[in-house]
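**Q** In case you want the letters, here they are:
2 protein chains.
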Amino acid sequence: MIVGSRREVLSGMGAGLAIAGLGGGLAAGLRVPPAIAGTRKIGYAVVGLGYYATRQIMPNFAGCEHARLVALVSGTPAKLEQYSAQYGIPPSHRYSYADFDRIRDNPDIDVVYVVLPNSLHAEYTVRAARAGKHVMCEKPMATSVAECQAMIAACRKAGTKLMIGYRSRFEPYNRLAIELARGGHVGPTRLVAAEHGFPIQPNQWRLDRAMSGGGSMMDIGIYSLNAARYLTGEEPVEVSAVESTDRSDPRFRQVEDRVSFVLRFPSGIQATCISSYSSAHNGYRVTGTQGWIALEPATSYSGQVMTINKGGTTASRVLPPPARNQFAAQLDHLAECILTGTTPIVGGEEGLQDMRIIEAIYRAMAERRHVVLTELG
Amino acid sequence: MIVGSRREVLSGMGAGLAIAGLGGGLAAGLRVPPAIAGTRKIGYAVVGLGYYATRQIMPNFAGCEHARLVALVSGTPAKLEQYSAQYGIPPSHRYSYADFDRIRDNPDIDVVYVVLPNSLHAEYTVRAARAGKHVMCEKPMATSVAECQAMIAACRKAGTKLMIGYRSRFEPYNRLAIELARGGHVGPTRLVAAEHGFPIQPNQWRLDRAMSGGGSMMDIGIYSLNAARYLTGEEPVEVSAVESTDRSDPRFRQVEDRVSFVLRFPSGIQATCISSYSSAHNGYRVTGTQGWIALEPATSYSGQVMTINKGGTTASRVLPPPARNQFAAQLDHLAECILTGTTPIVGGEEGLQDMRIIEAIYRAMAERRHVVLTELG
Chain A
1 MIVGSRREVL
11 SGMGAGLAIA
21 GLGGGLAAGL
31 RVPPAIAGTR
41 KIGYAVVGLG
51 YYATRQIMPN
61 FAGCEHARLV
71 ALVSGTPAKL
81 EQYSAQYGIP
91 PSHRYSYADF
101 DRIRDNPDID
111 VVYVVLPNSL
121 HAEYTVRAAR
131 AGKHVMCEKP
141 MATSVAECQA
151 MIAACRKAGT
161 KLMIGYRSRF
171 EPYNRLAIEL
181 ARGGHVGPTR
191 LVAAEHGFPI
201 QPNQWRLDRA
211 MSGGGSMMDI
221 GIYSLNAARY
231 LTGEEPVEVS
241 AVESTDRSDP
251 RFRQVEDRVS
261 FVLRFPSGIQ
271 ATCISSYSSA
281 HNGYRVTGTQ
291 GWIALEPATS
301 YSGQVMTINK
311 GGTTASRVLP
321 PPARNQFAAQ
331 LDHLAECILT
341 GTTPIVGGEE
351 GLQDMRIIEA
361 IYRAMAERRH
371 VVLTELG
Chain B
1 MIVGSRREVL
11 SGMGAGLAIA
21 GLGGGLAAGL
31 RVPPAIAGTR
41 KIGYAVVGLG
51 YYATRQIMPN
61 FAGCEHARLV
71 ALVSGTPAKL
81 EQYSAQYGIP
91 PSHRYSYADF
101 DRIRDNPDID
111 VVYVVLPNSL
121 HAEYTVRAAR
131 AGKHVMCEKP
141 MATSVAECQA
151 MIAACRKAGT
161 KLMIGYRSRF
171 EPYNRLAIEL
181 ARGGHVGPTR
191 LVAAEHGFPI
201 QPNQWRLDRA
211 MSGGGSMMDI
221 GIYSLNAARY
231 LTGEEPVEVS
241 AVESTDRSDP
251 RFRQVEDRVS
261 FVLRFPSGIQ
271 ATCISSYSSA
281 HNGYRVTGTQ
291 GWIALEPATS
301 YSGQVMTINK
311 GGTTASRVLP
321 PPARNQFAAQ
331 LDHLAECILT
341 GTTPIVGGEE
351 GLQDMRIIEA
361 IYRAMAERRH
371 VVLTELG
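From first to last, the protein sequence lines are chains A and B.
The numbering of the first sequence is this note's numbering, which starts it at 1 and goes up by one.
The numbering of the second sequence is this note's numbering, which starts it at 1 and goes up by one.
Next comes chain A alone, as it looks inside the complex (with noise of 0.2 Å):
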């Protein structure tokens, strides 16, 4: 369950409570074969060197197995200059925008990591497949399902890779959370509730349609859908939404502010979910028949806190330090898919299906009705 060897999720495990449901299938999608020890690293090309790419990503090269940074394309020669410095990028290793295409040429980058303005997700996923690469591309996925399959599709064509940067999957608290929720550790899962939310600042591409697509719930709101998912292991079927904006606040001339989703599953789990660009939100809880799993900050880049009720007892739940971190799982988990041969846990598909329900809140949002995800494409 938790990133890396098998003993150390057993490890983990045996730490605190007995837990139901363990050793299923979560754990065996992230099993290393041990032919792929000792293997050559897989070179990563990062694209766009913004807060998220410099900060959270680019650092935790240092911590992979099979993953390391060998090339960086930005518009803005300075960053290019300074962090090419940083991690000994040669200049032959160095792209702008204009040129990005002759990434085809490097043997030594195998996956472009789509790190761009969400509006550029699709483009760039696009180009890295058609120069024969394998697609690492944040979430969102896209701007709408039609950019989505549009990657999904040149992936294919090319016979690369495609995987969207949902972290939280290489989390351990999170994968734990699952493992519990999904094996009916506190009961079988009645509801969900998931908040996700910051107040954000003015000034920056988020605020800007054209570029993000949308508002918070694109942008934040996601987790709070990924998580209603990834913890009942069901897609919704049916979704109603309601929005909040104040347009007046300069923030909010052309993205939603606050939403308030509700999903609907096949097998009766509602999820209450919360979207906010003004206010601080990170946190779900799990409630079942005999007792609820939380996790508050649940998404964050540390820090996780989990508590559990059951029995009528409420207690913190800790887990000991992962080897690799969430940054550095993920960025090992396609490295790792690449090396054996396998899918990734978090490939296009699931970008897709994300955004096909963002564009059924959106729809329930503005026609003040509940959408039956049926009716999408």
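Because the hints were derived from the structure by calculation, they are not lab data.
Errors might be hidden in some of the hints.
Since the list gives no way to pick one copy over another, a pair counts as held whenever it fits inside one copy or between any two copies.
In the SDA-like style, the derived pairs of lysine to any residue whose C-alpha atoms are separated by at most 20 Å in a straight line are [to be verified]:
(1) K157 <-> S92
(2) K310 <-> P199
(3) K157 <-> E123
(4) K310 <-> S300
(5) K157 <-> N282
(6) K310 <-> I200
(7) K310 <-> F198
(8) K310 <-> E296
(9) K310 <-> D249
No experiment lies behind these values; they were computed from the predicted model shown.
Here the structure of chain A is known, so what remains is to put chain B in place on it, guided by the hints.
**A** Positioned in the frame of chain A, the structure of chain B alone reads:
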């Protein structure tokens, strides 16, 4: 703010965080003029000797300053005998449902407290009013808006007071949460999340639609709804609601199980609320631009726990024990209103408003669309 003296309020406040907005209108509504100190106690007849009446209400007259138990009404002679003996109620002050209307001739009875199944609230409230008695009625006020309106009209015609048993309005932590949330202690409120539910046992009147008028929404979801209203001090303008009910579960042949509903308020605040008959929930959180205020449990009989997040710090907030618990304070409040000629803070209009919104929620979940509150009568 806390039921009781101004001094108690302030000493409670002084024990913890500095509080913005202290001393607003909430406290004023519950201050008891010195004039009534030492006057006679108001006599209550309790109608319906079920669990809630006998375990929660009747024992708490002992803690009242202005209310006393003087009569009992039940259809079960053995119960009437047992509890009359326990509380020293003479035979002249014991009534069956058949001879209930004779209360008119008993000057010791000032108030009739209706603690019957929901479908009987209207009938007994109207009969009590016609007998010239004031009425305390449990929530939900009735099973329809029409019944609520008839109850209000009957009490108005009789010139008697009508109060609904919203006990959380007399519970110190809830009162503090109201004051803090409305006072902007964590900035202007942006979102409220409220969860209430319990796994219901089979074979009881709550599962019989003719007796209850509805399922979890009427019985326990009303706590989430009422909290969203009292925490914001606003009235919702739009509701959305999603139902999940397993009709093959014998408990849910007639009434709904889970409802997730979203309320949108005029200021843009959204409340995402849960109501469940298949899982345990009791809590709410108010999130403002600068943090949040949480109570969990929130509306329990006792044991409230308050947590406040502000300025990056999360801390518990402990109040001193109140002079009167929420049950005694609620009983005293109507007594004090009678003695001073004032209006209860939770009168018939409060119960009617919840019922209007519950009807909108039922319509929204049946028609799978948002319901605008002005659509309602």
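**Q** A separate judgement is required for each hint: does it hold in the structure or not?
**A** Going down the list of hints, with the structure as the test:
no. : hint          : result
1   : K157 <-> S92  : neither (28 Å within a copy, 90 Å between copies)
2   : K310 <-> P199 : between (34 Å within a copy, 14 Å between copies)
3   : K157 <-> E123 : within (15 Å within a copy, 72 Å between copies)
4   : K310 <-> S300 : between (25 Å within a copy, 18 Å between copies)
5   : K157 <-> N282 : neither (38 Å within a copy, 52 Å between copies)
6   : K310 <-> I200 : between (36 Å within a copy, 17 Å between copies)
7   : K310 <-> F198 : between (31 Å within a copy, 14 Å between copies)
8   : K310 <-> E296 : both (17 Å within a copy, 15 Å between copies)
9   : K310 <-> D249 : neither (44 Å within a copy, 23 Å between copies)
Hint check: violations occur at hints 1, 5 and 9; the rest are consistent with the structure.
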